[in-house]
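Numbering (full-length UniProt numbering) for the sequence shown: 1 to 179.
These are computed hints drawn from the structure, not numbers from a lab.
Any given hint might turn out to be false.
Said to hold, decoys possible - Below 20 Å or equal to it, Euclidean Cα-Cα: the simulated PhoX-like pairs (lysine-lysine) are:
| id | residue 1 | residue 2 |
| --- | --- | --- |
| 1 | K108 | K144 |
| 2 | K100 | K144 |
| 3 | K76 | K43 |
| 4 | K76 | K100 |
| 5 | K100 | K43 |
All of these numbers come straight from a predicted model, not from anything done at the bench.
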Amino acid sequence: MTNYPTRNVPTALSPEAELVRNALLEHGLETPMLDNGLSSQEKYDKIKTLMGEVVSTLGLDLNDDSLTETPHRIAKMYVHEIFSGLDYQQFPRIALIENKMGAREMVKVWDIDLTSTCEHHFVTIDGRAKVAYIPSDKIIGLSKINRIVRFFGQRPQVQERLTRQILIALQTLLGTENV
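With these hints in hand, go ahead and build the complete structure from the sequences.
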């Protein structure tokens, strides 16, 4: 068994991740998933084995030095990179800041580059998001908006659900409908 590099990941969800996940479930907007009970390591191991079968089925030689590590690379990419947004333990750490100054001007973050994966064909989707909100009682750092957008991009997606997930996440965290 080849282990992939591990990350220091807390075992419990942050309060913000839990809030967002529950809000998405309540709105029927969570990505369709089944809890298969597999750890990240078990997912990696299974995907690596299955990708080895796919590569072999295509007639490619896994003994060739250019292909030997391909199942490992694909499994690592799926679990830790392009589908890491399926794991709420990877949800960005968000510090909710009290809006002590009473700011009510629109906060805008334009040109947030994101890459996602089409859930129908598992092909790459490249996009650019624009997010704006009018603060209420809470604000967050601008970089956190980028991270939330990218978190939801890192899962199999359709654009309609992606945009609604970002909307509900920000409305929930910021306590405002004005997103």
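How the hints compare with the structure:
1. K108 - K144: Holds. K108 to K144 sits at ~12 Å (cutoff 20 Å).
2. K100 - K144: Holds - the C-alpha atoms of K144 and K100 are around 19 Å apart, at most 20 Å.
3. K76 - K43: holds (9 Å)
4. K76 - K100: Roughly 43 Å separates the two Cα atoms, so the pair is violated.
5. K100 - K43: violated (45 Å)
The structure fails to meet hints 4 and 5 from the earlier list, while all remaining hints are met.
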